[in-house]
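2 protein chains.
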Amino acid sequence: MSTIHADRIEKLRAAMEKSGIDAYMIPTADYHNSEYAADHFHAREYFSGFTGSAGTLVVRPDEACLWTDGRYFIQAAGELEGSGIILMKTGEPGVPSLEEYLDQKMEEGSVLGFDGRCIPCREGKALEKIMKRRKGSLNTASDLADGIWADRPALPCHPVMVLEDDYTGEDIESKLGRLREVMRQEGTESYIDSKLDNIMWLLNIRGEDVTCNPVALAHILVDHRNVYLFIQDGEVTGELRSYAALHRISILPYDDFEDFLSIYDHRGDMLCDQDCISYSIYLAAAGGLGKRAGNCGLITKKSPVGHFKSVKNGVEIANIRGCYKRDSAVMCRFIRWLTERVADTDAEPVRESEAAGRLDQMRSEISDFMDLSFATISAYGPNAAMMHYEAVPGVSDAELRPEGMYLVDSGGQYLTGTTDVTRTIALGPVTDDMKKHYTLTAVSNLQLMGAVFMDGCTGANLDILAREPMWREGLDYKCGTGHGIGYYLGVHESPPSIRWKVFPGRLDEPFEPGMIVSDEPGVYLEGKYGIRIETILEVVDHIENESGRFLSFEPLTLVPFDRNLIDPDYLTPYTRKLLNEYHERVRIEIMPLLSAADQEWLISQTEPI
Amino acid sequence: MSTIHADRIEKLRAAMEKSGIDAYMIPTADYHNSEYAADHFHAREYFSGFTGSAGTLVVRPDEACLWTDGRYFIQAAGELEGSGIILMKTGEPGVPSLEEYLDQKMEEGSVLGFDGRCIPCREGKALEKIMKRRKGSLNTASDLADGIWADRPALPCHPVMVLEDDYTGEDIESKLGRLREVMRQEGTESYIDSKLDNIMWLLNIRGEDVTCNPVALAHILVDHRNVYLFIQDGEVTGELRSYAALHRISILPYDDFEDFLSIYDHRGDMLCDQDCISYSIYLAAAGGLGKRAGNCGLITKKSPVGHFKSVKNGVEIANIRGCYKRDSAVMCRFIRWLTERVADTDAEPVRESEAAGRLDQMRSEISDFMDLSFATISAYGPNAAMMHYEAVPGVSDAELRPEGMYLVDSGGQYLTGTTDVTRTIALGPVTDDMKKHYTLTAVSNLQLMGAVFMDGCTGANLDILAREPMWREGLDYKCGTGHGIGYYLGVHESPPSIRWKVFPGRLDEPFEPGMIVSDEPGVYLEGKYGIRIETILEVVDHIENESGRFLSFEPLTLVPFDRNLIDPDYLTPYTRKLLNEYHERVRIEIMPLLSAADQEWLISQTEPI
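Heads up: the sequence lines are chains A and B, in that order.
Take the first sequence: its letters are residues 0 to 608, numbered as in numbering that gives the first Met the number 0.
Take the second sequence: its letters are residues 0 to 608, numbered as in numbering that gives the first Met the number 0.
Incorrect hints may appear among the rest.
If chains are identical, the list can't say which one is meant, so a pair holds when it fits in one copy or spans any two.
As the list claims (entries may be wrong) - Calculated cross-link-like contacts (lysine-lysine; reagent style DSS-like; alpha-carbon spacing at most 30 Å):
#, residue 1, residue 2
1, K124, K527
2, K434, K477
3, K301, K104
4, K290, K104
5, K477, K500
6, K104, K300
7, K500, K17
8, K301, K290
9, K527, K435
10, K134, K104
11, K134, K290
12, K124, K300
13, K300, K17
14, K88, K301
15, K301, K500
Read the hints as simulated data drawn from the structure, not as lab findings.
Computed from a predicted structure; not experimentally measured.
Build the full structure now, drawing on both the sequences and the hints.
Below you can see the structure in the form of structure tokens.
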């Protein structure tokens, strides 16, 4: 493995020298700042061997470094072994950030290269600033991978579908009306967006260009009269064409967006979100606006579409609640099947991949199922300490034995919503430490689920409700506590988010009723075991009185915690009450969806503790 | 009262018309963005009658409005009654902010007037932006109060003292060295500051120009060679003159600062904090820099001096710990005296002002006592619902009866530190609701005190530990949970702070060991009663392990909670443990400072619950 990647990096260095580039950066990104990029965009993996969903490779003549976050420290260390690439653990003490690294290493007059289409505008501007400080420059026009990666997959291209109002709850005209109202308030004439889920949500369409993500590669420009959709020819169906005609959407070639921005008849300021357009698009838009007489400019603001999308409407909420019940019922059936199967000493042993396959099969039988929402994480023992582990037969695929813990994190894409759920299960005898850590995780999960908070609170305010039981024990999970979730869209959607660190210029948006957020604390002990409990929560109105308006959460995920892993010594009367109330709710809501045998199992799992 | 103020406002309107001003704004501020301003600066009170420590008056030809925050809603409503001035409750639903109000009310081409010396730079720039949007302008050169307020007090002017290293723990050269190091890092040649406590801290001097605040009116410019101190002649003692000579500090007239900025030989960029200079100074500095050839500019950054000041050094911490013990012992003696006196049916009744006077007298006998740190809040029954109540004989001065609750919030200025403490006490029979609300407040106080948190956390992360028990009951206190505290300086000092609302552009600084912060949740029921428990906390190192570095708090204030007000039904095993541990600590630390009779009382008050 490692020599292959060392070889590829040498080729990259040769290409860099030819282009006069002193450092070349390859992020994990497509042209749309998507979290999960299509295979065509896996250049970082191609060069480094690291397969995680987040990471940035920087190659210099004498050094190559890869930055990734806490979810991937263990996995990346393994995958990079022997490649000579230095692993930079983002946020760890003493580890320079990418910015600090460039500041230190880039010599005066040097050139930093990257494909400007794969870097969000905000990041590109930050890099521009660094290189200006270093009296150097950027080369953003070259995708050096293209000349080296011989069998690089083509851009994905699949037909687009139109989603009916029964699923969306709001037609395109209403959505465009709301967007244009914000454009008016901001005094802008046009709006551009390259964020795929924003575009899908706004136009009520879905694609299948990215595994587990029902999106189509596209860009959009909306002004007060027209909508311009930039999309590959092969994606445009007859249905989309009629729909576009009906709603005055002009369909234009995907690749023409940047050129269009320079010839478009700008009649005033243009609105955009720096996280929703690439640096190349920013340069093109700024160039186009700059050509106009008068004072036309680019007004940057957190995307109003992103905010609209995050607050689910009544139809979406009703669909999502039903969807989560059906999904939870399958999780219950799966857990019962798995624990009984592993306990059955006469049966054939089960491996991680087989368990995942079984769950995926069961989920695919749910009504309105379209796809998984991500590759199922089915992890036994120490494998569960890797937050984003994937079992691969023949490579890493542990046999589940009747002892210790098993973690399963999975979800589905349905016409009625996107699900995401993690449960950790005892497969047999467990240690006291496992029980302690599981109970702490359960308490974290429940304390956040039980929160009552003032309207205006953000995830940064609430995060400590989940972490405080951990912190008191000197433990911490190196990731956020929660992320937003789309409606038949991305399984990670922002806003909202729940994490304690606040980044300047990226203030969290306050919670609003109708937002959906995950609650997924965990304990990860490298080489030993991993625990995560993930329950998806809906933000709801709680009470309004003379003190103000209070919000709270309702759990959408309804799958019991594992009572075999609960050590009551770590419960308080309050958290015990929360646990029993949750289990009672699970029993009431999920019972009708189960067979008699599964019902019996659920009753036993949800007895008060 | 009200006709006096109506009359004054009419005079102001006449002056406005003469100066061509359409709206005149009077903040509660001196030239230094001080929280408490000297009498000379009480123009807002002169015109409106509102005596609170925070509020902004805006007068227009047909309307006058006063904005103030939650601490003063009740008081302001009373003081403004009949004046015709509209009370604007900041942050309440439907109440426009000052900015929104100006946006709505200022007509195109209109002029907003204020004394630019009394508005911090950041605010002035925001107002500039609003008026630009309204196609209007600012008039910042006129202090209209000057022509109307006949017997306006002169600027205060008192001699300045030099504070010895035994108290400061760091000499001026070391402090200047640290500041210049930051100036170097930022690539700047000079630094300006008008924040009085910053200047006192940096130069190791103290003044007495503001009641309860040991500061002298001053401005400062520091460059890599010199220090220029702008201060009134009457403040300069022989001691200060020698000290200044020794440390190459040029003493210049207080009023010359703005002029100096325009003639100063700027050799490069100038560093400043937008919250530490006035809008007038900003204009003068920008003007001076603008005259230079080359690219000299004003670099704005959170004041490094403010940050240095907030992290107390070893000498300061040792002094503060001793200071808080002595101050706490006096609080114990006071509480015992008061409860026994009120319970004694043969004794003369005590009024609020008398109780305050007794406490102030007791405090003044503590070693190193210099002044109170603010006017003692001595509030019985419904008066305690006003967060910043002050008893005034003949005006409002309730008799303490042997029933219900009494709240006392007080503190001292000592050479060894600044104290601030609030306790709420039962004076006789209390209702179940009082006990419930007191216990919730105690739990809030203890949960925050007992926090363990990762290095990097801010007050916005921790605030919910205090509020969560309240929010669950549908209660909320309309103020922050905690503020930083100076060392023989301001009783309110920032950073740090503990509050859940995060304002864009004003991110809280993370906690660091050596920071000192108050923990003061409360329940305030207008017309009924008020409860506040305020314990001052020191940030300390907790543990460092593979999860990272954890911090926690140690209480500096050591005064028992009132066990007569604790309803154990609202305690959990965890919070009961915190309470008993705190009481044990109080007993151990404070016993040696008390007489035998007081010791007996303390033992009874600190028995485990």
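- Could you figure out if K527 and K435 sit no more than 30 Å apart (CA to CA) within one copy, between two copies, both or neither? Only inside one copy: K527 and K435 sit 14 Å apart there, 45 Å across copies, limit 30 Å.
- Task: With 30 Å as the alpha-carbon cut-off, assign the pair K290 and K104 to within, between, both or neither.
- Result: neither (36 Å within a copy, 36 Å between copies)
- 30 Å Cα threshold - placement of K17 relative to K300: neither (39 Å within a copy, 42 Å between copies)
- Item | Homomeric proximity label, K134 with K290: Cα distance no greater than 30 Å | both (27 Å within a copy, 26 Å between copies)
- Message: At most 30 Å between CA atoms: does that hold for K434 and K477 within a copy, between copies, both, or neither?
- Response: Within one copy, since 21 Å is at most 30 Å while 41 Å is not.
- Task: First find the shortest C-alpha distance between K301 and K290 inside one copy, then the shortest across copies, and answer within, between, both or neither for a cut-off of 30 Å.
- Result: within (25 Å within a copy, 38 Å between copies)
- Alpha-carbon proximity between K301 and K500, which holds within one copy, between copies, both or neither at 30 Å: The answer is both: 19 Å in one copy and 19 Å across copies each meet 30 Å.
- Query: Quick one: K301 to K104, C-alpha cut-off 30 Å, is that within a copy, between copies, both, or neither?
  - Reply: Answer is between: at 28 Å across copies they meet the 30 Å cutoff, but 32 Å inside does not.
- Message: One pair to classify: K477 and K500, alpha carbons no more than 30 Å apart. Within, between, both, or neither?
- Response: Close inside one copy (11 Å) and across copies (25 Å); limit 30 Å.
- Message: When Cα atoms must be at most 30 Å apart, do K124 and K527 count as within-copy, between-copy, both, or neither?
- Response: The answer is neither: 42 Å in one copy and 56 Å across copies each exceed 30 Å.
- Intra/inter-copy verdict for K124 and K300 if alpha-carbon distance must be at most 30 Å: both (15 Å within a copy, 20 Å between copies)
- Item | Intra- versus inter-subunit Cα pairing at 30 Å for K104 with K300 | The answer is between: 26 Å across copies meets 30 Å, while 32 Å in one copy does not.
The structure fails hints 1, 4, 7, 13 (numbered hints given earlier, in ascending order).
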